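**Q** Each chain, letter by letter, is given below.
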Amino acid sequence: MPLLRFIAGRLVKGVIVLIAIATMNFFLIRAAPGDPASVLAGEAGAADEEFLRQLRQQFGLDQPITTQLWIYLTDIITLDLGFSYRQGRPVLDLILERLPATLLLTGAAFIFSLTLGIIFGILAARRAGKWSDSVITTGALFFYATPLFWIALMSQIIFALWLGWLPNTGFRTIGAGYTGLRYALDVGLHLILPATTLGLFFTALYTRMMRASMLEIAGSDFVKTARAKGVPEGRIVRRHIARNAILPVVTLAGLQAGQIVGGAVLTETVFGWPGIGRLMFEALSQRDYQVLLGVFFVSSAMVVLFNLITDVVYRVADPRIEVGR
Amino acid sequence: MIQKKTGRALASTALALLLSAGVVAMQPQDAKAEPQRGGTVQLAVTPEPPSLMLGLFQNGPTQMIAGDIYESLLRYDTDLTPQPSLAESWEISDDQLVYTFTLREGVLWHDGEPFTADDVVFSLDVFLREVHPRWRPTVNAQVASIEKTGDYEVTITLNEPFEPIMLSFEVGTTPIIPKHIYEGTDYRTNEMNSTPIGTGPMKFVEWDSGSYVHLERNEDYYLEGRPYIDEVYYRFIPDAASRAVAFETGTIDVLTGGSVEIFDVPRLEAQDNVCVTTAGWELFAPHSWLAVNVREGALADKTFRQAMMYAIDREFARDVVWSGFGTVANSPISSRTLFHSEDLHEYTYDPDRARELVAESSYDGETLEFLVMPYGETWTRWAEATRQNLEDVGINVNLVTTDVAGWSERLGTFNFQLTHNFLYQYGDPALGVSRSYVASNIVEGNPFANVMGYANEEVDALFAEAANAPSEDRPALYQRAQEILVDELPVLWMIEMDFPTVYRCDLQDFITTAIGVNDTFRDAWLQQ
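Each protein sequence line maps, in turn, to chains E and C.
13 is the number that my numbering gives to position 13 of the first sequence; each next residue is one higher, with no gaps.
258 is the number that my numbering gives to position 258 of the second sequence; each next residue is one higher, with no gaps.
Simulated from the structure, these hints should not be mistaken for laboratory data.
Where hints are given, some of them may not hold.
[Stated by the list, open to error] Now the in silico label distances, taken between C-beta atoms and shown as ranges:
id, chain 1, residue 1, chain 2, residue 2, range
1, E, P64, C, V443, 21 to 27 Å
2, C, E444, E, P147, 39 to 45 Å
3, C, D111, E, V303, 45 to 51 Å
4, E, T179, C, T278, 39 to 45 Å
5, C, L97, E, D93, 49 to 55 Å
6, C, D392, E, V250, 56 to 62 Å
Please read these numbers as outputs of a predicted model, since none were measured by experiment.
Heads up, the beta-carbon is just placed ideally off N, CA and C, and yes, glycines get one too.
Generate the whole structure from the sequences, applying the supplied hints.
**A** So, in structure tokens, the structure goes:
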């Protein structure tokens, strides 16, 4: 059972890596100036030493740092991510609460960009040098080069303010009390702008990658052979060129997939989307160590897990690829 | 002891009687329509607060939301005259030592329990004394006893006369907390902190983390017919530009003060059915300054600080950086509160005078570090304008950026040279002004203490004496303190700030008190 032994070995290594990451994160975060108590004091506009002392005591920040680390690590091993200092609620609850919104956003953006990117890439490659190719490549270059926050704000001004077609912020219409299909439609409308904004950059990337890859493969010998055999052009593009050209795109998609759980800080912030990226960003500026460490921990656990899955899938899919020991 | 009502208290009591008799006189000078019931209001608040438990947290957004859930003994009209709230009337003994509050009867907590004098004594004497950073010093230093003298009567006895105490009974300083929920528990970890129970016009319904807080009308509120509005949503939209767009598209009805970048206000104000007000901050009177670490180098030199004061064009900052909002500040005491003096030296913009003073001073060309206040784009622009003013007269300045945590940390450990800051004044110099200048408040760890390190024994003595002096002696003492401070410049006062609230004009009687941005929904109604 070499596969099982491989998986078991990788799991043990994974746990060690995770503990190492957690320890590093723990010290990294504390290297930043200030602590959650001083942020709360700064926001309150009033504080005395007693106020700060009470907060630090409540948060356990008055303990020696080694003690704090030990408590944190022993908690992590039992999968207890601790309490948010600021919100006084379990970190795991906060993360789980934000997870659906994040998955919806990143998932939609992922599907959107992958589908459109591949289609545009194929179209552009098929018409290389023609005007439609120029339109697609120029568009791709534009969205590749434009900062995300600018697109986000412009899309809000155009589609929410001028045209009034779409809502500009939030996850759903608050106070409307929609249920069932109406609710789904409402969320869908709120999703369009952030998902498109988030997806455009990767769409551009996939388009460029797909186009270049298609053109490269279109010149290879097996395509010429197929053409010489008299295979119809559409079939050549689908079966011979696109299928081979898609490999680098899939590699890139793996990168994007890695961000699915981590959320998208910028998009979630500009569109007021209640996802994990915002939770993490706000926790960072508020020095809510536990929340930040929790999000980091979950994200790194996902990366370790996905790497393992990828390796196993490789081995199952292609027996020529040996899994390393 | 003979108890006598002061004139001010008498007038308020008369008003209280009018109100309790059901004769609700709504702004007689304004012959508008009768208030209408119903409607939903959505407000943008930023940032998302840590908690709504107003006794434990006093963050701006906490006060804005929880100021309608909790109530205190008094409210204040915009010239800071006390008005009844949970206290129906009050009497002050003629030696100004004994304050007797008569509480409103028939008030219910949101969970249905009756409100009594026990709740008030518990809040003021036990809960807030332990946890509230502003009430604690007042109660520990000034108050001899807080006693229940009847089911609906509380008597507060002072050690010596302390006039400012009458301004301490606003909801942010002394929110009344339900004794039946908190007595004997660990206040900071009490589970009820996440579902606050108050006596106010609005009840807590739900907090959807990252999105909004939902409040609804308190059906059992003790004022007949009020509140008028059914539902209120406080929404958290992290990006300032998106908040402005959400207001323009109608998603949001109110951009609360501080939630809109000031340079967006004139553009929004020009639109139909949009009203802008700077009211509702009178008790806080946010006072901004350039904080100077006076411990060492040229910054320790009074002449150099005066040079900087002449070099900075505060009119320009007000008109351009702050889009015309605010008043140029000439004194440590805001002109919007009590005891402000007009009879003080004014530092008008004068770069030539500044250059002369720089030459006279001990400044020898070193680069000063300016820590940019991390409270939004406007502060960054202001820091840039200030640097240019200072460089015009030959003072080298380097801007350094940080985030809120870093800024608090550096001020609290005195690790800065120059930075902007603004503090609330709380109506009386003894509550909100002296804390920035007295030597006894040079303490580490608190960015709102005397972080400048300024110490002057005469100023300390004047502030101490003025706090407990009889009313008639206080103006002269504060005049002298202001004269010294304006000459020595422990900080460079910049602007008495306005944080405009942008709202739809359909909202009527929206901001009616000196803390109106916080206790909005008792009186507000929607024109339908």
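**Q** Are the hints correct? Go through all of them and say.
**A** Quick rundown of the hints versus the structure:
Distance hint check for P64(E) and V443(C): the Cβ-Cβ separation is about 24 Å, which falls inside the suggested range of 21 to 27 Å. Between E444(C) and P147(E), the C-beta spacing of about 41 Å keeps the proposed range 39 to 45 Å intact. Under the hint 45 to 51 Å, the C-beta atoms of D111(C) and V303(E), about 46 Å apart, fit the expected range. Look at T179(E) against T278(C): about 42 Å separates their beta carbons, and that is inside 39 to 45 Å.
Range check, L97(C) to D93(E): Cβ separation about 51 Å, and the 49 to 55 Å hint holds. Against the hinted window of 56 to 62 Å, the Cβ-Cβ separation of D392(C) and V250(E) comes to about 59 Å, which satisfies the hint.
Violation of the numbered hints given earlier is absent; every hint is satisfied by the structure.
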